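A.B. asks: Chain by chain, the residues run as shown.
2 protein chains.
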Amino acid sequence: MTFKEQFREYIDIVNAKLDELLPEKDNPQGNVYKAMRYSLLAGGKRIRPVLTIAATKILGGCDDAALLFGCALEMIHTYSLIHDDLPAMDNDDLRRGRPTCHIEFDEATAILAGDALLNKAFEITSAAASGLPAENALAAVKAIAALSDASGAEGMIGGQIVDLESEGKEVDEETVRYMYKLKTGCLLSAPARMAAAISKKEDSDEAKRLIEYTDAIGLAFQIKDDILDIEGDTAKLGKAIGRDEKEDKRSLARVKGIDYCKNLLSELTDKAISLAESFGEKGDFLKELAIFLLERDY
Amino acid sequence: MTFKEQFREYIDIVNAKLDELLPEKDNPQGNVYKAMRYSLLAGGKRIRPVLTIAATKILGGCDDAALLFGCALEMIHTYSLIHDDLPAMDNDDLRRGRPTCHIEFDEATAILAGDALLNKAFEITSAAASGLPAENALAAVKAIAALSDASGAEGMIGGQIVDLESEGKEVDEETVRYMYKLKTGCLLSAPARMAAAISKKEDSDEAKRLIEYTDAIGLAFQIKDDILDIEGDTAKLGKAIGRDEKEDKRSLARVKGIDYCKNLLSELTDKAISLAESFGEKGDFLKELAIFLLERDY
Numbered sequence: 001m002t003f004k005e006q007f008r009e010y011i012d013i014v015n016a017k018l019d020e021l022l023p024e025k026d027n028p029q030g031n032v033y034k035a036m037r038y039s040l041l042a043g044g045k046r047i048r049p050v051l052t053i054a055a056t057k058i059l060g061g062c063d064d065a066a067l068l069f070g071c072a073l074e075m076i077h078t079y080s081l082i083h084d085d086l087p088a089m090d091n092d093d094l095r096r097g098r099p100t101c102h103i104e105f106d107e108a109t110a111i112l113a114g115d116a117l118l119n120k121a122f123e124i125t126s127a128a129a130s131g132l133p134a135e136n137a138l139a140a141v142k143a144i145a146a147l148s149d150a151s152g153a154e155g156m157i158g159g160q161i162v163d164l165e166s167e168g169k170e171v172d173e174e175t176v177r178y179m180y181k182l183k184t185g186c187l188l189s190a191p192a193r194m195a196a197a198i199s200k201k202e203d204s205d206e207a208k209r210l211i212e213y214t215d216a217i218g219l220a221f222q223i224k225d226d227i228l229d230i231e232g233d234t235a236k237l238g239k240a241i242g243r244d245e246k247e248d249k250r251s252l253a254r255v256k257g258i259d260y261c262k263n264l265l266s267e268l269t270d271k272a273i274s275l276a277e278s279f280g281e282k283g284d285f286l287k288e289l290a291i292f293l294l295e296r297d298y
Numbered sequence: 001m002t003f004k005e006q007f008r009e010y011i012d013i014v015n016a017k018l019d020e021l022l023p024e025k026d027n028p029q030g031n032v033y034k035a036m037r038y039s040l041l042a043g044g045k046r047i048r049p050v051l052t053i054a055a056t057k058i059l060g061g062c063d064d065a066a067l068l069f070g071c072a073l074e075m076i077h078t079y080s081l082i083h084d085d086l087p088a089m090d091n092d093d094l095r096r097g098r099p100t101c102h103i104e105f106d107e108a109t110a111i112l113a114g115d116a117l118l119n120k121a122f123e124i125t126s127a128a129a130s131g132l133p134a135e136n137a138l139a140a141v142k143a144i145a146a147l148s149d150a151s152g153a154e155g156m157i158g159g160q161i162v163d164l165e166s167e168g169k170e171v172d173e174e175t176v177r178y179m180y181k182l183k184t185g186c187l188l189s190a191p192a193r194m195a196a197a198i199s200k201k202e203d204s205d206e207a208k209r210l211i212e213y214t215d216a217i218g219l220a221f222q223i224k225d226d227i228l229d230i231e232g233d234t235a236k237l238g239k240a241i242g243r244d245e246k247e248d249k250r251s252l253a254r255v256k257g258i259d260y261c262k263n264l265l266s267e268l269t270d271k272a273i274s275l276a277e278s279f280g281e282k283g284d285f286l287k288e289l290a291i292f293l294l295e296r297d298y
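Quick note, the sequences are listed as chains A and B, same order.
Take the first sequence: its position 164, counting from 1, is numbered 164 in the numbering used here, and each next residue is one higher.
Take the second sequence: its position 38, counting from 1, is numbered 38 in the numbering used here, and each next residue is one higher.
These are computed hints drawn from the structure, not numbers from a lab.
Take these hints with a grain of salt, some might be off.
It does not matter which identical chain is used: a pair holds within one copy or between any two.
[Stated by the list, open to error] With a straight-line Cα cutoff of 25 Å, these simulated SDA-like cross-link-like pairs (lysine to any residue) come out: (1) Lys201 <-> Pro133; (2) Lys249 <-> Leu264; (3) Lys25 <-> Arg177; (4) Lys201 <-> Leu132; (5) Lys256 <-> Glu267; (6) Lys17 <-> Asp149; (7) Lys34 <-> Glu174.
Computed from a predicted structure; not experimentally measured.
With these hints in hand, go ahead and build the complete structure from the sequences.
C.D. replies: Have a look at this one:
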């Protein structure tokens, strides 16, 4: 199977599982499910769940657990986009080529749909863990801890606060990198941390290298986003470009220039490739994924 | 120790633990911690954590676990208030006698502080569970499942959606009761469900009676709130009265009249008292608590 075929297969598995985990409901609160599904099933690259599956395969953990935790992570990523798009936050109308959640529904529904997706991530993982033998429940709860740490005030939410508070201010490269680490990096390294917990290999050298790999592609991912915001194509991206300048965001491209960013992106990708290669053939998918993320135009 | 002294002691323990669980942070995202602490440490009756402690004592479970899960539940309750007060939701300026979170800070910070409090509830419980022996980790993860179920789209969030969508519409008593069960009842019966999980007594007759007790006081609590919204005192309540009428909310008092509500409140309190009495002396605190909740003026 080629990388593209494998990637497509993983994405299809993830999409089917997300659809199953969040069915439509014909009850009085059915509208919040509609809004949750609208945003969750709107496509997207599914990088985070795919990474969770791939990292768990390398460590030899359970495929089903990886898929479930990957889907929980995707729910958290999606809620963060819904809230980030709100008028009080980035005030965006377009996401993945469609109206954002609060435009399609309304602001109150979008706030609650975001809350409900975040909550759902912990519902599905704790419910699954509750049915496991005690030893595996302990591994699962460690993965829940990795998930919640990545998405909290010392993780993604913290990054959003720093992002908001940096708008229009002079900030240095260190602060931008700190913000990127939290805002984007934490949810992209969560797959390696969750995979390590699921596979009961937290302290292994392999787990450490996987975390290093996800740290590298996490920063690379955000830098690529910055570059696409300047040089990308709205039709391909499914969202407006030039937002960083319009909202006076402190992006690395704006602080250090686009050439600096392109060099750094290339270095980070090389680092990720060499870490993936350290796993031999088992690392082929992660190697190709790093190249795909470098070359993507959406 | 009198009931009042015991209640005060529990509240003090809860307040100290909340302060410890959510310290101020001197980092770039420090502002989100300020907002979280502003709302979380603003006082409040702490009914949910106190109930968790009292229910766990009756079932013979671990005090420390009860305190931790009670505090996690209080974080979720607080986040729900922060989001509920937002302009796009109930648009309230006053809460617990102080400006609401989005008035004191700003809307974006209030949204993120709410998100971070919800997330924090799962951070602290999964972190604690990760350090336990496997058997106890399984019990803890069942308590996490009870917590997340109570706060999700089939629980509190679902109730908020039904509440919002019922505004200005003709709804029957059944719909109002369904909304109350989700919006208020679920977070008030979570203490009994979490206590049962912590104590590894989910299927016991005692746990079932405790859940019945919390179901009764959950509905009683919301009905008392309805009555206070009509007959209460803003200074004592720390929030405006007459909000249900102003926002055209479907409260039971508006659908069935205040006398009907007073009778139902009295019946529910009697039911709760008789369930508390079924535990003998061990149930004294819960009995007095039901009476306190009936008589409260805030």
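A.B. asks: Could you work out which earlier hints the structure fails to respect and list their numbers in ascending sequence?
C.D. replies: As far as the earlier hints go, not one is violated by this structure.
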